[in-house]
Each structure stands twice: as C-alpha cells, then as structure tokens.
Amino acid sequence: MRRPRGAPAISLLMAVLALVYIYPLILVAINSLKTFAQIMENVMAFPFQLRWENFANAFTLMRYPNLFLNTLVVTCMGTAGVVLLASTAGFKLSRTRTRVSWFVFLLCVAPMMIPFHSFMIALVKVAKTMHLTNSIWGLGVVYWGLGVPLSLFMYHGFAKTVPAELDDCAAIDGARPLRAFFQVIFPLLQPVTVSVIVINAMWMWNDFLLPLLILGGAKKSQTLQLAAYNFFGLYKIEWQNAMAGVLLTITPAIVFYLILQRHIIKGMVAGAVKG
Amino acid sequence: MTAGRRRARVRRGIEFLWMTAPAVIAILLFVEVPFLMSVMYSFTKWNGLDKAAKFIGLANYKELLATDPAFGSAMIFTLVFTVLTVITINVIALLLAVILDMKIRGKNVLRAAFYVPNIISLIVIGYVWRFIFSRGFDSLGSLTRMGIFQLSWLGDTHLVFFSVVLVSVWQSIGFYMVIYIAGLQTVPRELLEASVIDGTSPVGRFFRITLPLIMPSVTVAVFYSLSNALKTFDVIFSLTFGGPGTATTSIALDIYKTAFSDNRFGYGTAKSVVLFLLILVVTVTQLNTFKRREVQA
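Quick note, the sequences are listed as chains A and B, same order. Each step along the first sequence adds one to the number in our numbering, with nothing skipped, and position 201 is 201. Each step along the second sequence adds one to the number in our numbering, with nothing skipped, and position 117 is 1117.
Note that these hints are calculated values from the structure, not bench results. Idealized CB from N, CA, C, for every residue including glycine. One or more of the hints may lead you astray.
Once the Cα atoms are required to be at most 30 Å apart in a straight line, the calculated DSS-like pairs of lysine-lysine come out as [to be verified]:
1) LYS1062(B) to LYS125(A)
2) LYS1291(B) to LYS160(A)
3) LYS1103(B) to LYS128(A)
4) LYS125(A) to LYS1103(B)
5) LYS1103(B) to LYS266(A)
6) LYS128(A) to LYS1291(B)
7) LYS1051(B) to LYS128(A)
Non-contacting residues of chain A with respect to chain B, defined by C-beta distances greater than 10 Å in every case (computed) [what the hints assert, rightly or not]:
8) PRO65
9) MET77
10) ALA164
11) PRO187
12) PRO191
Put together the whole structure using the sequences plus the hints.
The following block contains the structure:
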C-alpha cells in the first residue's frame, strides 16, 4: 500500500497521543528523583537536584536483591517446569491417536476454561496439605499445574508440523525415547517454546494473587509484587521512595521486553489466538 | 498377537505414561481437584480451620442469590464494568491498530509506547494510578484550572467506577491492539487496492472489506477482554480495594474477601462456582455468536 496522504500529520498526532498515554509513567520516573516536599508542591515540575537516595532507600526497604532473586527463582522454576511437562505431554498426545490419548488431551486442556478465582480457595487448602505454602519453591511447583494447559495446547498444535519420520529416525538410531525427544524433536519445537517461555515468564513475574495466597505475604513479603503491595500499604506513603520502588519493580520486566520485544509480541499473539 | 508385538505395545504404553503423567498429575493436583473440591465445599459451611465441613445443601446459593447485598452489588458492578471496558477497549484498540498498521513514520516506536503498560504488573499499575489520581491530578488541576482534575476520582462512589474503567482500559489496550494488528496483516492487499480503484471511501472500505475479514481477531479479542473483565481483581485490589464502601468490589474481590477476610470458605466457594458458571455462559455465547460472523477471504 502507498504511504497515505497526510502521513506526517498522522505520525505527529500519534506521537503526541503516545506521549500523553505514557505520561503517567513519565511522572513516576520524574517523581522518583524528588524529595517528598517537592512532590507535594508540584508533581509535574522537573526535579532540580536528582535524589538518587530514593532508590537506595527503596532498595533497602524492599530488600530488593533478595526479592529479585526470589521472584527470579519462582519464574525460572515455574517456566522450566511448564516447558518440560507441556512439551513432552503435548508432543506425545499429538502423536498417539487412541481414545485414551484424546481423553487425556481433553483432561489437560479443559482447565483453560476454569478461571483461577473459581478454585483458588480450595487450591490454598491443597497446597497447604502438600506443604507447598510459605515457600518460593512450593509456589514454583503450583505454577506447573496452572501453566501447563495453555502451553500443552500450543505444543499439541505445533507438533503436527514436525514430520513423523523423525520419530522413527530417532528410534532406529537406538536412542532412548527420552534422549530421542530432547535431541531430535525438542529443538524443532523451538518456535512454540519461545512463545511458551515468554507467556509464562511474563505472567509469573507479574503475578500477585497466587504469591499472596501461597506465601501469605502479609508481614514479610517474598516476591517483588508482594513487596510493592506492602510498600504501598504503609499507613503514610512516602511517595518519593514508593515511586523509586515502582521503577525498581517494573525495570526487569521492561528490560526483558526490550531485549525480546519481537518474540514477546509474537508469543502473546500466539498464546491468545491458539488459546 | 505375537509376543514381540505385545512387548512393543507395552513399551509404547509405558512411554505414553511417563511422557504424559507428569503434566496430568500437575493439572489434576493444582486445577481440577481444587475445582471439584470447590464445587463440593459450596454445599457446606466451612471456616477453613475445622477439619470437617458441615453439609448444608443449597443454603449458600440461596443466601448469595437472595439475601447478600455484597454479592448482588459485586455482580452488578462486574457486569456494568465488563460491558463498558469490553466496548471501550475493543473500539480504541482496533482504531489504534488501523492507524499503526498504515505506513507512517515511527510506527514501531508508537506501537511499543502503547504496549508498555501491558508489561507492568496490574498491582503496580494500581499504585501508579493512585499516585496520579491523588498527587498528579492535584498539580494538573492547579495548573490548568480544569474542573475534571479537581474531582475526587477515588473518593466519590460514582466517579470511582470510571477511574477503575479508565485504568483497566489504559493497561490493556496495547495487548488488544497487537492482536488486531496481527489480524490486519492477514487482509490481502489486492482486495483493498481493488476497492480503491472501485472508488470506495476509506470508511466504507473498512466496514465492508477489512472488518469482515478480521472477524477472527475480533472474536479472540472480545473473548479475552470479556473473560478478563469478568474476573477483574488485581487493579481494583491495589487501586481502591473495592471501595469506597463496596462501590468497586468485583465478584473476584468479593470471593477473596468472603474467604480470606471473613473466613467463610464454604460460602466463598459457592460464589466462586457462580463466577465460573457466569464466565462459562457468557464466553461460550460470545464465541458462538461471533464465530458465525466469520467469513473467508
């Protein structure tokens, strides 16, 4: 298609709109560098001297290094587990054409229609019985069950594009099934794997309710999102530290997004359309 | 059957078992069993601490349908909120997608700008906007002297509804814009060029050619915005915690409060079963209606 008439004007208009759109985030950045008095005086004014102490304060108040590591552990553990369980099962179910296999497949994807809030109360009880509460490892394990259905569905659909002859090749080579899968098949599933990683990692990193329920976050927070919640729940909000805290909390996700921008957009669309 | 073939069958069976069992067990343990337990507990009186829950039949359901003003207002809030956000999100996202699908300068940067709020956690988004509504609007108000900035956006029981809608829409538009852009890219260029030659106006072209062809994207986007709106929780949790009063308490938040603040777990599960049924009925109806409108290029 040709460049439409008035393209520069549209471009300019959209640029202004986009700036207005992300202005709240710009305000967060500006105010994270002010003193409390300056924030109370005028939110929009630029800070005349940059108060980096706010970040140092937020860093210690949130126990940032600890919680960053915790959140990373949960996200990595959850995502890795989902990739492992969903790829093996999704592939095998797609290759096996029996009634049992079809039933198992339905059993695995039906949960996509069950909203989290409709079973969270009993989930807490199950997690407690299994001694998975109050532990970031336990939280990671619970994510396996929640993340697998959609991811398995995506692997199941994509596995059809992998030629069946490859299964036999691997079998004839005498490779053990497990090794055959990870050496021959798994690399070919890479496009879905990327989408699955992106969808699950973004969700687990940003998730709030499940960590709140499993870690019981009231007193000592154990993930960054729980820390943000406790930080703001303080009786008197120290806006300057809180804004620095917001920036510290969202920076990892934004960096992840900037590095993997193309994959993230593709992954999110794939997850939405396939789901 | 020969012994060899039987052995091969057993081997395939074992392989099937160990490749699928871990996923099945995880799903059963953390989704399906808890869900079935919820359905069972919904017929009981249970405070979460007692070992045994007491069976009380349909009493929970009777209470929530007939005598619980909190659930009634949560239901109304959620439904009105859903209608308003689904329409707003899809109209604006589609409009943005059409504009940012044109050949204009800097469209990648512009797309990224609208997408950014979507990668920030909802809980933090709520806090960011609490700051904007309180401190930010104060300054904007004294700068511009415009009335809208001097209203109490989180304190007024009517206005707060629109604050929650505004923030939810702001956060999610980028995601739906991306779905629509992906859809627009599947529209064959020849069809559009042919209609340019026919002299169809751009607006007519959009409604008669583009929109019917991207109906699959519309189906998906409306489906997601519907189910997300019906189970909205995080933004409200951090922005208003359902207040003032119960003005912005959604069903999901009401379930949370019933179970974890009031310790009425049995009653909470009854509410959660109702939420499940509500979302199921609404989304299945939507999918059926929208799928029928999809056409092939």
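Hint-by-hint comparison with the structure:
no., hint, result
1, LYS1062(B) to LYS125(A), "holds, 25 Å"
2, LYS1291(B) to LYS160(A), "holds, 24 Å"
3, LYS1103(B) to LYS128(A), "violated, 55 Å"
4, LYS125(A) to LYS1103(B), "violated, 54 Å"
5, LYS1103(B) to LYS266(A), "holds, 20 Å"
6, LYS128(A) to LYS1291(B), "violated, 42 Å"
7, LYS1051(B) to LYS128(A), "holds, 13 Å"
8, PRO65, "holds, 19 Å"
9, MET77, "holds, 13 Å"
10, ALA164, "holds, 14 Å"
11, PRO187, "holds, 17 Å"
12, PRO191, "holds, 15 Å"
Taken one by one, the earlier hints fail for this structure at numbers 3, 4, 6, listed in ascending order.
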